[in-house]
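Engineer: Residue-level listing of the chains:
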Amino acid sequence: MPGVKKCLQEAMAIPGAIGASIVDYTTGFPVAMTGAAPNEDHEAAAAGTADVVQAAQSRSLFVSAVPHDLLEDLIITTAGGYHLLRLVPTDFDSRLVLYVWLDRLRGNLAVARRRMQTLAEQLVV
Amino acid sequence: MTPAKSPGPAGLLTRVAGERRTGALVVGGTPGGTVYLAEGQVTYAESAAAPGVGELLTASGRLAARTWQAALDAGSARATVGRLLLDQGHLTQGELELCVLGATYDAAYFALAAGTAAFHEGVRHWLGDVVSIDAAALNRESGRRTRLLNEIIANPRIDTAAVIPVPRPPRERITLTAAQWELLVHADGQRTPADLAQLLGRAGFATIQELRRLAALGLIEQPRARATDNPDFVRLPRMRGASAPAHRHAAPESPAAGVSIDLSIDVPLDGDTTRTRATPAPAAALATAAPASAVSTSAVSAPAVSAPAVSTSGDPPAERPRLDRRKPGAKLPKEIAAEPPQPHSGTDEVLLKRIRTALRALR
Numbered sequence: 007m008p009g010v011k012k013c014l015q016e017a018m019a020i021p022g023a024i025g026a027s028i029v030d031y032t033t034g035f036p037v038a039m040t041g042a043a044p045n046e047d048h049e050a051a052a053a054g055t056a057d058v059v060q061a062a063q064s065r066s067l068f069v070s071a072v073p074h075d076l077l078e079d080l081i082i083t084t085a086g087g088y089h090l091l092r093l094v095p096t097d098f099d100s101r102l103v104l105y106v107w108l109d110r111l112r113g114n115l116a117v118a119r120r121r122m123q124t125l126a127e128q129l130v131v
Numbered sequence: 251m252t253p254a255k256s257p258g259p260a261g262l263l264t265r266v267a268g269e270r271r272t273g274a275l276v277v278g279g280t281p282g283g284t285v286y287l288a289e290g291q292v293t294y295a296e297s298a299a300a301p302g303v304g305e306l307l308t309a310s311g312r313l314a315a316r317t318w319q320a321a322l323d324a325g326s327a328r329a330t331v332g333r334l335l336l337d338q339g340h341l342t343q344g345e346l347e348l349c350v351l352g353a354t355y356d357a358a359y360f361a362l363a364a365g366t367a368a369f370h371e372g373v374r375h376w377l378g379d380v381v382s383i384d385a386a387a388l389n390r391e392s393g394r395r396t397r398l399l400n401e402i403i404a405n406p407r408i409d410t411a412a413v414i415p416v417p418r419p420p421r422e423r424i425t426l427t428a429a430q431w432e433l434l435v436h437a438d439g440q441r442t443p444a445d446l447a448q449l450l451g452r453a454g455f456a457t458i459q460e461l462r463r464l465a466a467l468g469l470i471e472q473p474r475a476r477a478t479d480n481p482d483f484v485r486l487p488r489m490r491g492a493s494a495p496a497h498r499h500a501a502p503e504s505p506a507a508g509v510s511i512d513l514s515i516d517v518p519l520d521g522d523t524t525r526t527r528a529t530p531a532p533a534a535a536l537a538t539a540a541p542a543s544a545v546s547t548s549a550v551s552a553p554a555v556s557a558p559a560v561s562t563s564g565d566p567p568a569e570r571p572r573l574d575r576r577k578p579g580a581k582l583p584k585e586i587a588a589e590p591p592q593p594h595s596g597t598d599e600v601l602l603k604r605i606r607t608a609l610r611a612l613r
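Residue numbers (the working numbering), protein chains in the order written: chain U, 7 to 131; chain Z, 251 to 613.
Extracted from the complex, chain Z is given alone in its bound form (with noise of 0.2 angstroms):
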């Protein structure tokens, strides 16, 4: 999906509803996010920064975990989990449209902010159809949200950082909302707007909106840009990596040698045809070699073709960590014992056969 990768979220979601196609809108970063289409319709989104349907209807006691655990093992597989808790009369239809049409633009505030976008053709949600929105309204209404929390006070860092209450509040008399007061209630310190939440069973965006009347008030501390956000303050030094470059030179070599033994064998026998020696591939050589045989043509360029396949096996060795010093004798590690008999056995047992047989007729 490189061509699909291009633009940001809200201009992929734009094109993939545009085009009515059903699938899965993934978004990278942080908090990143999925969207989900059937027909170029928003189906459901989820995001770490949002309590999805579950969180929300447990957390509330509205249905109990069980039942919704119950409901999600059952509907998972075939994508009814909507269906079943309506089915089950757990829910109400409004009920469950509500609750989904509220998780779902919430998500994709934060799911549609920024991020690399990839779509991945034909996924669907375990939750089922239970809404369609318009793919453009998600977008209007997520970027409206943006300048909604904005125009309270635009410091984007209270949405993600930690929130920390002021110890003393700056007036004599403070009013708070009911959520204004479980947020501070529940804020120690090091839990995130997200971590609050995910624990209230509040909407994501709600949560937010609040935290920055919060810190507009001056009640919880707003976050500023450290120094250690800074990538380039401290430079580590990059890991040691010694060792692996000599294996990435040693390492091609060791695999391919039974092709290459297929090769000096060949050589000197064409020597006096003169005319193989351009053939660059095995197989070939292997198959002008066979006419002086025994050995039928195609027999021989058979077991050959698998040749390539072997050396390109023997490529991973070489990012593989250096060994430690082994007695001489002793066994290697499991992990990387148990792979090299793999280029000689089977077809390459064959074809050296095949080819001492060959040797052996031309004496």
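Here chain U stands alone, though its shape is the one from the complex (with noise of 0.2 angstroms):
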């Protein structure tokens, strides 16, 4: 069971990985961060961060309508990186998101997104 600290740490030992951060979705502010962040501004990126996940919260394109069908994760996939959001289910009222940048040529998607999922659970569980 470990910390935020421990978590961010584990995030960037994710293959490819050059910042991590969790993010409240609600202010768009990051709580813990860790590495690099777009454009050097974390708190920049995480007020961007908030938009998206709040975005496909809301609208009806991304929202399901069977019950307890949420929201798991965001990909964002540039030329040059991956930006991986995944939610983090909290029983008490928080709404947080665990954010991770990866390096387009030494990330794999797939493996990056699996050990999110781990992580995200680990740090409430």
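Hint data in this document are derived by calculation from the structure and do not stem from the laboratory.
Some hints could be false.
[Claimed, not checked] Covered stretches of chain Z (in silico footprint by chain U; criterion: 3 or more residues with CB under 8 angstroms from a CB of chain U, positions within the stretch not fixed):
no.: 1; stretch: 341-352
no.: 2; stretch: 449-455
[Said to hold, decoys possible] Each pair of labels, with its calculated beta carbon distance range:
no.: 3; chain 1: U; residue 1: Leu115; chain 2: Z; residue 2: Gly279; range: 47 to 55 angstroms
no.: 4; chain 1: U; residue 1: Lys12; chain 2: Z; residue 2: Ala404; range: 22 to 30 angstroms
no.: 5; chain 1: U; residue 1: Asp57; chain 2: Z; residue 2: Ala428; range: 14 to 22 angstroms
no.: 6; chain 1: Z; residue 1: Pro415; chain 2: U; residue 2: Ala116; range: 41 to 49 angstroms
no.: 7; chain 1: U; residue 1: Gln128; chain 2: Z; residue 2: Ile414; range: 25 to 33 angstroms
no.: 8; chain 1: Z; residue 1: Pro415; chain 2: U; residue 2: Ser64; range: 45 to 53 angstroms
no.: 9; chain 1: Z; residue 1: Asn400; chain 2: U; residue 2: Ala71; range: 30 to 38 angstroms
Glycine included, C-beta positions come from ideal geometry on N, C-alpha and C.
Two chains, two frames, some hints: make the complex.
Structural biologist: This is the structure:
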């Protein structure tokens, strides 16, 4: 049962990881962060992350009508990298997302996604 | 802490954090709150408008109220509540950290908003140090959150006024998020945003954020400034305290009677020596009287030191309410009757006895 810092360290151990953070997506604030961030600004990146998650959660296109079919993760790919967003399910009220930025050449999307799933679950179980 | 009060809460936080101090920054006013620091790093914050760690964990059902209370009872005194919950396996490190981080940023937004701030050195929170947050980041984030709210709709009264859903939605078809639905279902026209946040175990900021969105959608009433908010609209008559000034004049004299007796005895005594008139303190006056008697100087001046203390203890009666008319010889009310014997107990009796002995010796 790792703490927040340990969790981010393990996220950075994912092959190709450049930066990682845990973002509160109601406010768009990075609760914890490590490594690099797009444009070298973790806070701006977090604000953008929050917008993306909120868009995905509130727009009907992505919202499932099936009960408990909740949003799990979002993957954005660019020519140079992968941006992975994994929702952290906590029992208490919080709206957190684990964000990892991967280098496209060194990173493996499938591996990273599985590792992030484990990390997000370990953090709160 | 008068010098620490001058800047606002945010300014004071920056200062105490810069000085790497440990203690609690208490912010008065509404909602007010407290920010706890350990060596300049923020460890926790609480505010009436934001549910604390305990409320978040128990309202969500993550912890049984019993479990939380047991940890609180066992760990409060030594500030180890957080550690206890981890050691007993009720929470994981990650959960506790995330919960405390969320609660701290949430409460700090309310605590740092406005109000009079004072720093209390050395105060620790019972939770213990679970996280450490940079004070500058906390300040910056609180400011950013204010802007976020104003971008939705710039009406800060929504954050504090009772939430009243509109009787009829302004459109045929409305879409709500889960959080908005929860709020509308529980808004009964009486509950304030803070009440709803506590009730639902939702973060205070997230609650008012959703409420502002609801207001922007026209689904809850927008509170307006009322005429009664203006303090000058109706001026109530002042409370009548006619008896107070009369007491204020009378009171300082009666308890000081023991002292003034000493002086009046003294003055005729030293009339022929003519040099003690200028000495203001009864202790000094008595000391000059002593050589004439068999009593030693030190023995007299020692009990006389208590005389100023006696006269100051006689001051509180000035604030007493006026007593009802009583029958002659009736006893005083208990709370007042208990006080007057105090000036005459112990040392004064000794003092009077010595003065009497001194007088007798002079005859």
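Engineer: Now tell me, hint by hint, if it's right for this structure.
Structural biologist: The hints, checked one at a time:
1. 341-352: This one holds; 9 residues, not fewer than the three required, reach chain U with a Cβ under 8 angstroms.
2. 449-455: holds (count 5)
3. U:Leu115 x Z:Gly279: 47 to 55 angstroms: The hint (47 to 55 angstroms, Cβ to Cβ) holds, given that Leu115 (chain U) and Gly279 (chain Z) are roughly 51 angstroms apart.
4. U:Lys12 x Z:Ala404: 22 to 30 angstroms: violated, 41 angstroms
5. U:Asp57 x Z:Ala428: 14 to 22 angstroms: Since the Cβ atoms of Asp57 (chain U) and Ala428 (chain Z) sit about 19 angstroms apart, the hinted range of 14 to 22 angstroms holds.
6. Z:Pro415 x U:Ala116: 41 to 49 angstroms: holds, 47 angstroms
7. U:Gln128 x Z:Ile414: 25 to 33 angstroms: Since the Cβ atoms of Gln128 (chain U) and Ile414 (chain Z) sit about 44 angstroms apart, the hinted range of 25 to 33 angstroms is violated.
8. Z:Pro415 x U:Ser64: 45 to 53 angstroms: Violated - the Cβ-Cβ distance for Pro415 (chain Z) and Ser64 (chain U), about 20 angstroms, lies outside 45 to 53 angstroms.
9. Z:Asn400 x U:Ala71: 30 to 38 angstroms: This hint holds: roughly 34 angstroms between Cβ atoms.
The structure fails to meet hints 4, 7 and 8 from the earlier list, while all remaining hints are met.
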